[in-house]
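Asks: The task is simple: from the sequences and hints, build the whole structure.
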Amino acid sequence: MKLVTPSIWTGGDGPDSDVVISTRVRLARNLQEVSFTGRASQIQATEAVQSVERAIGRSKALRELTWISVATLTASERALLVERGLVGEHFASSHHPRGMALSDHGDLAILVNEEDHVRVQAVRPGLQVEESLEGAMAAERALGEHLPFSFHSRWGYLTACPTNVGTGLRVSVMLHLPAMVLGKQLKRLEAAAKELRLAIRGFRGEGTANEADLYQVSNHVTLGRSAQEIAHEFATVIVPELVEWERAARRAYLAGHRWRALDRASRDLSALQSAHLMPREEAMRKLGRIRHGVCLGVIGGITQAALRSLMLRVQPEHLALERPASGHGAEAELLERASLLREAFADATARLPGSA
Amino acid sequence: MRCDVCGKPASVHEIMINNGEKSEVHLCLEHAIEAGLSIPSAQPIAQLLASQGKRRQRPPVMLCAHCGLSLADFKKSSRLGCAHCYDALGEALEAAIIATQGGATAHHGESPAHASVDEAHRLTRARLVRELEAAVTAEQYERAARLRDQLADLAEARPAVGEPSSGTGGASESTS
Ligand SMILES: [Zn+2]
Ligand SMILES: [Zn+2]
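Heads up: the sequence lines are chains Z and U, in that order.
Just so we're aligned, residue 1 is where the first sequence starts under my numbering, counting upward by one.
Just so we're aligned, residue 1 is where the second sequence starts under my numbering, counting upward by one.
Because the hints were derived from the structure by calculation, they are not lab data.
Glycine included, each C-beta is placed from N, C-alpha and C at the ideal position.
Mixed in with the good hints, there may be bad ones.
To be verified - Covered stretches of chain U (in silico footprint by chain Z; criterion: 3 or more residues with CB under 8 Å from a CB of chain Z, positions within the stretch not fixed):
id: 1; region: 74-86
id: 2; region: 92-99
id: 3; region: 146-156
Replies: Listed below in structure tokens is the structure:
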């Protein structure tokens, strides 16, 4: 089974990548005549999977996608998909008939029988809302030539949960906000989110805690405005504002706490360079802080792209893929993770910004 | 008659009209209560009221005849059962949508281009066949007859629609 790693993990940085890690756009659609996934019989669910697979096969634009029959994946292949953020825990482990199609670069995925029959998702590095939407829309249009989607004259595209009805659009951007966390400015973010009707979630989506100071910000409202309008506001107003807040907080931190910034960076770095047993949570926390240090200029010798891919490589299943020895018990995992990080940070150094 | 939701013997039978389409609902006592239907009662007070010609105020029917989802189910899970739920669950759902959607009252923006008519008919046919099998199993013969007529109409409208053509196009299962 060909399971590519999306380029948001392994490729170059996108626009505004000092703060915006990646952009994800998702369109939810359902087939006419078939009950929504949660209420569909085994037969209906199978019909939905077959309809979508057939439509992908017939579409010139989508034929090149790799079709993945999720039920045939091994447990570790499913875990890889979850760690890459391509599918949720529930979709990966469900016993309902389901499938997915994935592009070569992993930047486009079509999920069948998630909560909705069809979910088209596009991901891009950095802040690329409108580009991601265009990618998802093109795939949705190609599918729509072969599949009759449920559409209501008043409510628009119908979804299993009415919080997605209308456009079926969810835009979410992953932001790295270490300076706002340090400056205790998250209350400000929460207030803005409430006013602008945004949802704020942790690294792994709904209900998860934040990790490495990473936050996902997404739209709450899907009805009443076109997908383009929602995306445009995200790209040109909402995210740029949040990005400026974080940048201002970073400047203020560096101006007021130069030595503390250097002290933190040096301690975090030496922990990664010397530890022999490294739990996943600690690794993520340290990677988030090191990323902050690189952005502030107090850490050199490692790139943001390398840090981004490390955030995936320290996850248990990816670690086991790269270093099979880590699969042999809890301590072996900690040993291998520590060893991976020692190698990755061998050339990294901390220094006062501006000094040689 | 069997309950449309759970298949137990039905004791409440209702005719519902939705967007001008008539459909029958058969429910067991438990699901009828859940759906907010009035329960037939042998109590003298009910007979008395009926004999006086006073119409009892009945709560509106809040049940999707297509998938059997009730308003209570929706309130529990926040998930709808099928596309028809959006019309069947009435004002309560409308209010919930407007509240969660920041006051938006209708969709604005893109709508589907013309999808393949063949696929639409194929899905309709599959649904009718499913419902027909269920009706026969539940010994709902009138309903079964109606469904058979609908299937015949569909076949007449598009005689070419049948099984998906094999060999062309279908994405093949990855084997590597
Ligand atoms: Zn019942
Ligand atoms: Zn329904």
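Asks: Looking back at the numbered hints, which does the structure fail to meet, lowest number first?
Replies: Per hint list: single violation, 3.
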